[in-house]
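A.B. asks: With chain A fixed as given, assemble chain B onto it according to the hints.
Going down the list, the sequences are from chains A and B.
Quick note on numbering: the first sequence equals residues 1 to 89 in this note's numbering.
Quick note on numbering: the second sequence equals residues 1 to 90 in this note's numbering.
These are calculated hints, taken from the structure and not from any lab test.
If a hint is listed, it holds; no wrong ones were tucked in.
With a cut-off of at most 20 angstroms between alpha-carbon atoms, the simulated SDA-like pairs for lysine to any residue come out as follows: (1) Lys73(A) - Met86(B); (2) Lys78(A) - Met27(A); (3) Lys69(B) - Ser38(A); (4) Lys67(A) - Ala83(B).
Listing some non-contacts, in silico: residues in chain B with all C-beta distances to chain A over 10 angstroms: (5) Thr4; (6) Met23; (7) Tyr30; (8) Asp44; (9) Ala49; (10) Gly87.
Predicted model only: the values in this text are computed from it and were never measured.
Just so it is clear, CB atoms sit at the ideal spot from N, CA and C, and this is done for glycine as well.
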Amino acid sequence: MSFFMNSSANQTVNMQNMAMAEQELDMFTDLFNRIVSSCHEKCIPKTYIEGDLNKGEAVCIDRCVAKFLEVNKSVGAKLQQISGAGPNA
Amino acid sequence: MDFTQFNDAERKHLQRMMEQKQMSDFFKMYNTIVDRCFNDCINDFTSKAISSKEASESCVSKCMDKFMKHAERVNQRYAEVGAEMMGGPK
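Chain A on its own, in the form it takes in the complex (with noise of 0.2 angstroms):
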């Protein structure tokens, strides 16, 4: 099925497995970005007074991240349990 070898190692590539690991990567480095702008923008004044972050701000980041990640575990479990219930029940 796969048509793809590479001639150094004689291996051949899953294009399929390949699609689910950049689909994969794609979804972390997104969610890493929205991270990223979400808590900067509740995090970080829009008054620049120094270039470095202050104690509050680092800590503010710190929360941020766990709770937006906290988040996204409660909308990915939430999401499961209704697509599970679907077809199962």
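C.D. replies: Using the frame of chain A, we list chain B on its own:
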């Protein structure tokens, strides 16, 4: 991501793909910083040139510095959670 499930050829393929993505990720971040710092810092259009108050001495450069540090910190926390997910419960 767990790469052990792939053979050498596939790993090479993924490596190439990630290198290509790095470039576009970089440009994406570039644009994000420009967006963010322009919107936060440049609000006065009574002159064409960026004033020193807006630019290097002040807002824009601090905004860039801060954004980089912000992204770095998010990356640290993000990586920690990722490592936890990979090595923790499984």
